[in-house]
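> Both chains are given apart, each in its own frame, so use the hints to dock them into the complex.
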Amino acid sequence: MSLHLSTVALRAALVAGIAAAPVLFGTSPAAAQAFTPDSAIVQGLQASVSNVPTVSAEALKGLALAHMQYSGPPQSRPPLAIQLDQLAQINVEIEFDLNSAMVKPASYRTLGAIADAMHNPVLLGYKFLVVGNTDATGTREYNMKLSQERSDAVVQALATTFRVDPRRLESVGLGQEALQDTRNPDAAINRRVQIFNIGSTGVLAP
Amino acid sequence: MKRVGFVLAALLALAGGQAEAQTVSYAQAAGLLAQHCGDDIMKLCRGLNLGNGAIHACLAQNAGHLSPACAANHEGIRQMTEARAAAQKEVYKVCDRDRAQYCPGLVPGDGNIVSCLLEASKVVSGACTASLVNAGYTQQ
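Sequence lines, in order, name chains Y and V. Residue 194 in the working numbering sits at position 194 of the first sequence, with consecutive numbering throughout. Remember, the working numbering sits 1000 above the position in the second sequence when you count from 1.
Next comes chain V alone, as it looks inside the complex (with noise of 0.2 Å):
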């Protein structure tokens, strides 16, 4: 766990100076999993994919097996992929009043909201911009 939080540290720093996402991309979350696991994957959940959770379930059923590396690792990478997909969700709550304000030809459930208000960037509230970068969806 310590070491995750680490590395998930090192990412965002890396991220650079303007962003202040609280969350790292699927790649980096899925390469983390390979890094980590990629070998107590191919030995002890042969046969799994990541689809379904059936991952992380197979290298929780086997905890007592697992690479020391692996054995602290997974669950925070798991959360990590768990955090981006919430920021995701949450911009949809967040940034609906400014959907309504300065997008107002689109619904939701449109895919164009997000690049609507990346458009409108300059004058959508601090929230929505705040969870607009958590969700990966600009840097700034």
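For reference, chain Y alone in the conformation it holds in the complex (with noise of 0.2 Å):
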């Protein structure tokens, strides 16, 4: 429960520090403070434990279209067999066109910041798993392509336009297999894209 608010304490610092970015445009703020939104992601992606779960985009698309057989209500569903609550991950808000994989402008400073986490110096040495999700509107078929259509933008735009090495990034859509709010299916919180430090990356040859 305490990883989940943390989760959430950290999207919330995120949020904060994207909507005060436009302080840098104005008189002149402590130096320090244009760098409060990269840090927030960064805290969030840094690894808190040595022995985390071995998790692959594989590993979870498999997991998420075995999941498609449980046909009642999202409500009564099980949660994806897999413990992802021990990875250092962080929730961000990215806006995409409606039925669409484009990312909406607004959020480009978002996709900016996570590229600037990623060439961070603490999180040079790591590879990440870039997760989209739904919500509950529209089919379960139409949810997962979509999101992995999402997904996969998102770490094209971070392995070419931005230059995170792509041996660094996977990229999964989970559909609405996963919700972070069941009880809401159609909820606006479970519309989201996860990034999860999955581990280091060892020597990549240059």
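Bear in mind the hints are in silico, worked out from the structure with no lab data behind them. We treat Cβ as the ideally placed atom computed from N, Cα and C, and that holds for glycine. A hint or two may mislead.
Stated by the list, open to error - Distance condition first, Cα-Cα at most 30 Å in a straight line; then the derived DSSO-like pairs of lysine-lysine:
hint : chain 1 : residue 1 : chain 2 : residue 2
1    : Y       : Lys-61    : Y       : Lys-104
2    : Y       : Lys-104   : V       : Lys-1043
3    : V       : Lys-1089  : Y       : Lys-104
4    : V       : Lys-1089  : V       : Lys-1122
5    : V       : Lys-1089  : Y       : Lys-145
What the hints assert, rightly or not - Quick list of the computed label-pair ranges, beta carbon to beta carbon:
hint : chain 1 : residue 1 : chain 2 : residue 2 : range
6    : V       : Lys-1043  : Y       : Pro-79    : 35 to 43 Å
7    : V       : Lys-1093  : Y       : Ser-76    : 56 to 64 Å
8    : V       : Gln-1061  : Y       : Arg-167   : 43 to 51 Å
And the structure:
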């Protein structure tokens, strides 16, 4: 429960940081403030425990597809059979165009801030899993496809425009199979992109 | 172009007295793109994404239809992102001798190299320090 809360707190910090960003263009804030949003993301993604479970995009996708067999209402379905709470993670709010994998310009700064965090010295040695989730509106198959396209779009921007080594990135869409709020399956909180630190890269050939 | 020069100068001034970085963060550049070209992108480049240069290619192709602010700034903003990327790539070349000297256990390609160089910041070469600052890895 505390882990869940800390994730929410980090998201709040992230949103607050981004909301405060226009200060950058204001009079003359302390230099340190300019780095607050980035440091909140970095803090969230720093590996907190050394002995983290192994998680891959492929394994998560398999679990999500298997989860589609539960045909009852979202509230009655069991959670995905995987323990992700132990991984360092953040939830980010990235706005997509309706029924599209297009990231809206309003969220470009967030994408850049995620890239800055992944280039931060303390995170340079780690790999990250980008996970797309939808709410329960629409069919489960459609949501599975859309969320994959969205997480792919985020990873592609990070790997090309923002030069995060693609060997450090994995992408998976879970559709509506991993709702954050199962009691309110259509709630906005379920439409989210999660980023997990999935461990050390080891040495990557330059 | 002139406007971007002004914005860039303002950003660098705000980065603080001790920072001499010649580049801005990805977040700052991406925020500027949204600020100057957000409406143009929603109108002319709907469905496209930042990855693989698709947005900048679209803006370039639609040069005649852009708002004045976007037309004046989008290429300069693209160059900001490229400058930061180049600075980050450059670190490994500029600091390679320092890596060999002060981080003897770390081979090229190890993600811990930058952290090691920062820990050795008092002794690494001036060129390496400047390169680390430009890459956004440290502020001084």
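> That 56 to 64 Å hint for Lys-1093/V and Ser-76/Y (C-beta), does it hold up?
Holds, at about 58 Å.
> For the pair supplied as a hint, Lys-1089/V and Lys-104/Y, confirm whether the alpha-carbon distance does not exceed 30 Å.
Measuring from Cα to Cα gives roughly 28 Å; hence the hint holds.
> Determine whether the Cβ-Cβ distance between Lys-1043/V and Pro-79/Y falls within the hinted range of 35 to 43 Å.
holds, 42 Å
> Quickly compare the C-alpha distance for Lys-1089/V and Lys-145/Y to 30 Å and report which way the hint goes.
violated, 35 Å
> At the C-beta level, are Gln-1061/V and Arg-167/Y separated by a distance inside 43 to 51 Å?
With Cβ atoms ~32 Å apart, the hint is violated.
> Mind checking the alpha carbons of Lys-1089/V and Lys-1122/V for me, to see if they're no more than 30 Å apart?
holds, 22 Å
> Mind checking the alpha carbons of Lys-61/Y and Lys-104/Y for me, to see if they're no more than 30 Å apart?
holds, 26 Å
> Within 30 Å, alpha carbon to alpha carbon, are Lys-104/Y and Lys-1043/V?
With a Cα-Cα distance of about 11 Å, the restraint between Lys-104/Y and Lys-1043/V holds, given a limit of 30 Å.
Checked against the numbered hints given earlier, the structure breaks hints 5 and 8 and satisfies all the rest.
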